[in-house]
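The task is simple: from the sequences and hints, build the whole structure.
Chains D and B supply the protein sequences, listed in that same order.
Residues in the first sequence are numbered consecutively from 1, following our numbering.
Residues in the second sequence are numbered consecutively from 287, following our numbering.
These are calculated hints, taken from the structure and not from any lab test.
A quick note: this is a predicted structure, and the numbers were derived from the prediction, not measured.
If a hint is listed, it holds; no wrong ones were tucked in.
With a Cα cut of at most 25 Å, we get these calculated DSS-like pairs of lysine-lysine:
| # | chain 1 | residue 1 | chain 2 | residue 2 |
| --- | --- | --- | --- | --- |
| 1 | D | K193 | D | K181 |
| 2 | B | K479 | B | K382 |
| 3 | B | K293 | D | K111 |
| 4 | B | K479 | D | K3 |
| 5 | B | K293 | D | K189 |
| 6 | D | K111 | D | K189 |
| 7 | B | K289 | D | K193 |
| 8 | B | K413 | B | K531 |
| 9 | B | K514 | B | K531 |
| 10 | B | K382 | B | K491 |
| 11 | B | K487 | D | K17 |
| 12 | B | K487 | D | K4 |
| 13 | D | K181 | D | K111 |
| 14 | D | K17 | B | K383 |
| 15 | B | K289 | D | K181 |
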Amino acid sequence: MDKKKINSALLRGRILKGVTYALLGFWALIVLFPFYYMIITSLKSYGEYNGESTPSLVPMHPTVENYISAFRDVPLGTYFVNTLIFTIATTALMLIVSILAAFAFSRLNFKGRDLAFTLFLALMMIPSELVIITNFVTVTNMGMRNTFMGLILPSVASVFYIYLLKENFAAIPDSLYYAAKVDGTSDFKYLLKVMIPISSPTIVTITILKVIECWNSYVWPRLITDDEMKFLVSNGIQALREGGFGRENIPAMMAAVVVVSVPLIVLFLVFRKRIIEGVAKGGTKG
Amino acid sequence: MEKQNLKGWLYLLPAFLFLGIFMVYPLIDVLIYSFEEGYNSASGTSFGIGLYNYSYVLHDPFFISALKNTFILVAITVPASTLLALLISVGLASIKKLRDLFQTVFFLPYVTNTLAVGMVFMILFAKTEYTDGLVNIILSVFGIDPIDFIDGPYAAKMFVLCVYTVWVVLPFKILVLTSALASVNPEYYSAAKLDGAGSFKIFTKITLPMISPMIFYLIITGFIGAFKAYSDAVALFGTNLNSRKMNTIVGYIYDMLYSDGGGYPSYASAAAIILFVIVLTITCINLMVRKRHVFTGR
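Given below as structure tokens:
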């Protein structure tokens, strides 16, 4: 009797497991399918795509002509380079600003520090939608529309990353600092030689998160650029869709979409653990 | 000591400059804008101070439509995505084989460009002269007539927007819930099993209460995020959201600021402050509910 009971429990467990895998597999399919679809569509020729009333899931005559026209007929290459410059400059500036501030908050003692930090934390609650209006007016008045300065400067400061770094710096034992002081090391040198190397995992994490954020930013570039040559990938691709070949030439559009998506997917696959950890620690989206 | 003070502030200076110019000043300025009546951005003059901008925005049919869209989006996607994420994370926690692979795949939408992938969704759902679109072809298997999801009826457009929003926000929620589930002390489970509790009972009596703080965290951030929806809608329906009746509050703010009908920073500011007040109110309500329902270990 007991054996029968155990057998039925085992069977139930197995069925449950099967259902679990089926559901997870189903969701994985839903996640992956758009990526698969953009790739196969980008490999179809214009004629092939428009000739199919039921889109086939395998391109019959794969071609790379769409990729060529994505770079030749529209300035996708320019968008790409712009985004690269924007991302690197913004991230680098953010790192410098955040590291210096986090160092001041965690290591240096000065009047007004705690008050300043409290005010900092309060800023975390401010949604970007609220400040973007004035920033738009400021940048316009300073004549920085359609410039990298106008794109980069308002995107630099990020209270949350300063906070994250400060927590990390604060966890470094004081004894190291006093030992370095006895040796006559200056504060700045201590920051460079000791604190930054020790905190490098966190620094890498915030770098990656900022890169993702920059690469995908849409609202600010859209507001601040109307010169096609200064577009970033997000608003560039939107412009392609509405004014460029997107309206008719879907396969070429999809080639552009693939080109825009690939860098971050590669970055993700390389730094998978770091990114997942970093987002769990401090990412927000949705 | 004087020197130390100076040094500290010197290190903070860059951060203060950036935050001061691009965050603190705008915050004050946006409030002023929102109360200045008849502000002219060319001459920098206004007629006076008052509530006219707010009244204008609240009577603007485009704003009402954006408000309605945003509330529908929030009401559907927040519960749907949280429940789905819970289901998926519980599934993930119960398996060993392929778990890493699934986790990697599920996280993929987080790193993708919302605008770019949104266009793929648009094509999958769109009905054109050439083709009914893949989704409609699948639906036709179940005997459903083709629907134009992108240019068609309001409910269909809303449906696509909700589907895409859930697709985009799910990775973050799955990630948070997966790590919450992993942190539940396994001894609780063994103790419950010893007492003969079934797996459903274990889930509702142990797992759910233990991860409830994280669920509430997700609900709060989910509300805040969904109220700020915008790029997903642009990706699916294009930048002219007003004419498609698919605008969101944030979209309304940006359109007022800069687009064909733009150039009205005062109206944009009033709308932004209304949004901020809504989000703040909902967050406070959430926190009050949280106090009553979340297990905190005490």
